[in-house]
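These protein sequence lines map, in sequence, to chains A and B.
All the letters of the first sequence, read from the start, carry residue numbers 336 to 557 under my numbering.
All the letters of the second sequence, read from the start, carry residue numbers 2 to 484 under my numbering.
Simulated from the structure, these hints should not be mistaken for lab results.
Backbone N, C-alpha and C define an ideal beta-carbon position, used for all residues, glycine too.
Certain hints may be false.
To be verified - Ranges of calculated distance between the beta carbons of each label pair, as one might list FRET restraints:
hint, chain 1, residue 1, chain 2, residue 2, range
1, A, Glu515, B, Pro230, 49 to 59 Å
2, A, His415, B, Ala103, 24 to 34 Å
3, A, Gly434, B, Ser19, 49 to 59 Å
4, B, Gly426, A, Gly434, 45 to 55 Å
5, B, Gly484, A, Met441, 34 to 44 Å
6, B, Ile276, A, Tyr361, 28 to 38 Å
7, A, Ile522, B, Pro469, 16 to 26 Å
8, B, Thr433, A, Phe526, 49 to 59 Å
9, A, Tyr366, B, Gln410, 50 to 60 Å
10, A, Phe342, B, Phe39, 52 to 62 Å
11, B, Gly484, A, Phe342, 34 to 44 Å
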Amino acid sequence: MSGGITFDIAHLLAGGLVLVSFMMLYQDRLYSLLNMFALHSLVLTLSVAWQAYVQHAPHLYVTAAIALGFKAIIIPVALHRMIRRLGIHREIETVVGIGPTMFVGMGLVALSMVVMLRVTQAADPLAREDLAFALAVLLLGLLVMVTRRNAVSQIVGFMSLENGLVLAATGAKGMPLVVEISVAFSILIAFIVIGVFLFRIRERFDTVDVRALDDFKGKRRR
Amino acid sequence: MNALAFNPVTAVLVIPVSAAVLLALLPSYRISARLNVFASLLTFVAALLLFVTERPQPGRYLLIDDLNIVFIVLNSFVGFTTSVFSASYIAHELETGRLTPANLRFYHAMYQIMMFGMNLAFVSNNVGLMWVAVELATLTTVLMVGIYRTHEALEAAWKYFILGSVGIAFALFGTILVYMAAQPVVGEGYDAMAWTLLIQHAAAFDPGLLNVAFVFLLLGYGTKVGLAPLHAWLPDAHAEGPTPISAVLSGLLLNVALYAVLRFKILIAASPEAIAPGPLMVTMGLTSLVFAAFMLYRRRDIKRMFAYSSIEHMGIIVFAFGMGGPLANFAGLLHMVMHSLTKSAIFYAVGHIAQIKGTQRLSSIRGLTESHPGLGWGLVIGVVAIAGLPPLGIFMSEFLVVSSTFARQPLLAIPLVFGLLIAFGALLLRLTGVAFGQPRGSTAPVEGSYMPMYSHLALVLGGGVYLPPPLVAWFQHIANLLG
């Protein structure tokens, strides 16, 4: 396997992840946001599987399988059903308009490139670019979280942020505990999803819009 | 086999886990509460044994050194006294119907898993394992904060969850960067995450990567420490969860995150070309201190007020460690111990108060020293201690922080003293209202013992009046290690 093509494919997949993160920024429907997230996880799966192949690290296939099974299929399907049951498939209430969000997103990607490429000059080029892309995905995930008010879309933002972490962890050659960490994160996410769903079932929240919670806060105690 | 059975390192991990399994299976809450106390006591004894037994060689996963013994002993002691307090607290919650026996089963099992997570974070010799342990401890506290299932409790748990998750995500990214920096020097695999090896080779790491890593680690674990502006989860989580959980959150979980920050600070400091971690920590510490001090004035809820006081004190501690040097580190360490003891004692008092009065509103609580002298005066001593008045322990550590700052950076001492005075004023102002004057609200007697509260206060008083020389020598040794 020549170094050139290995590098190009890894680069393409990591870059694709950043691109899909961008596409998540401007989705204004919950369903399409979920579809984008499924695509995001699919790209991650390919990227992790490629790293497993390149690094001859069979345990990374487990991480890839988790990304495919859990994050690209189970979670989007579960959230789809949840949205339908909750009847909140209306437009996402974004805090900031799409235009400014995209500009901030571009700024964040530029920032992560500048920061990571500058400090990692000594590192191996594949890991280095992976890390820069991973930071970009992480920051874009954070941006999705802060520009949405809806609890479900915040979860999606968090999961895309976590995909960035998995990308970084698999890019770091020979890093131990990657599988354990991805399992731990899956458990965490499952908890979040189940949590939101259960709370709704108990009818404590009239809405899963977290702004409603913020409004509630000031009234009684402070 | 024999050696394994008496190994206190495994004991502090195995006891909580086995207790958690038992507690999850036992249906009777009376037995569970006792078992919870018993298991916590055993863990504390095992932690004390760490002082006397021979230390095991640092392995791939576990490590015992001078620094983490202090944390483990403090952790298991407060964990034990809190379990005693919790036993009387939850009995009352069950009577008033706020919790069901099924809730309690869950609560007790979670309590022990949390103790396991915290102890694991302290003893882990692997930065990845430490991260997993901190995450575990956080997750269990999230579940316990939301245990009342009220709207406010769920909101607090949700906020804690989301902010905490972002925090742990940042911390993980920082951890990965540390691995990336270590991998070319130490080699691939577990070695490049083992604490002891990282420290030995830190000087050869790529300083640029370490710089970025530290920023992420400070932001990530700093969210858990409750540093402003990442503190938003902390007051809600303290106010809406059960009071024993507020006590362990303030007294213990913040320390776990602080311990992680300290570990990485030592690592960054060992690399001569990396940025100095001090100024970053000093800035965040001072911001938290001054911000929280002002916020103390606007509180209406007694638990929320003491939560802000925790932010203030974590600010002081991070500031002291950020200043560095033997004296400031010593002061920071002492302050951390004293704060844990005092703040959990205060929360024990607040828990009883909130149960008698049936409210957490400061304006509905009046004249406690008259209606409940034991409780009222305990609170008075606790608040006087936390405000930093002599002769209690926090006065001494704050005095050391301030004097060492004056000696080295007089300009930084101005905002420090300013923040301390503002907080002092706010705490005493509220205290006079709550403790003195005409009693208001229910005057029902307290069911439960004041022992946990007064034992903590006695230790705090003892620490302020006389510190035993071996303890001083130990702390000085750690202060030198911290650099």
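Structure-based check of all given hints:
1. A:Glu515 / B:Pro230: 49 to 59 Å: The hint (49 to 59 Å, Cβ to Cβ) is violated, given that A:Glu515 and B:Pro230 are roughly 32 Å apart.
2. A:His415 / B:Ala103: 24 to 34 Å: Since the Cβ atoms of A:His415 and B:Ala103 sit about 31 Å apart, the hinted range of 24 to 34 Å holds.
3. A:Gly434 / B:Ser19: 49 to 59 Å: 57 Å, holds
4. B:Gly426 / A:Gly434: 45 to 55 Å: Between B:Gly426 and A:Gly434, where Cβ atoms are some 47 Å apart, the hint holds.
5. B:Gly484 / A:Met441: 34 to 44 Å: 40 Å, holds
6. B:Ile276 / A:Tyr361: 28 to 38 Å: Since the Cβ atoms of B:Ile276 and A:Tyr361 sit about 37 Å apart, the hinted range of 28 to 38 Å holds.
7. A:Ile522 / B:Pro469: 16 to 26 Å: 44 Å, violated
8. B:Thr433 / A:Phe526: 49 to 59 Å: 43 Å, violated
9. A:Tyr366 / B:Gln410: 50 to 60 Å: Holds, at about 56 Å.
10. A:Phe342 / B:Phe39: 52 to 62 Å: 59 Å, holds
11. B:Gly484 / A:Phe342: 34 to 44 Å: 40 Å, holds
Violation of the numbered hints given earlier is confined to hints 1, 7, 8; the remaining hints are satisfied by the structure.
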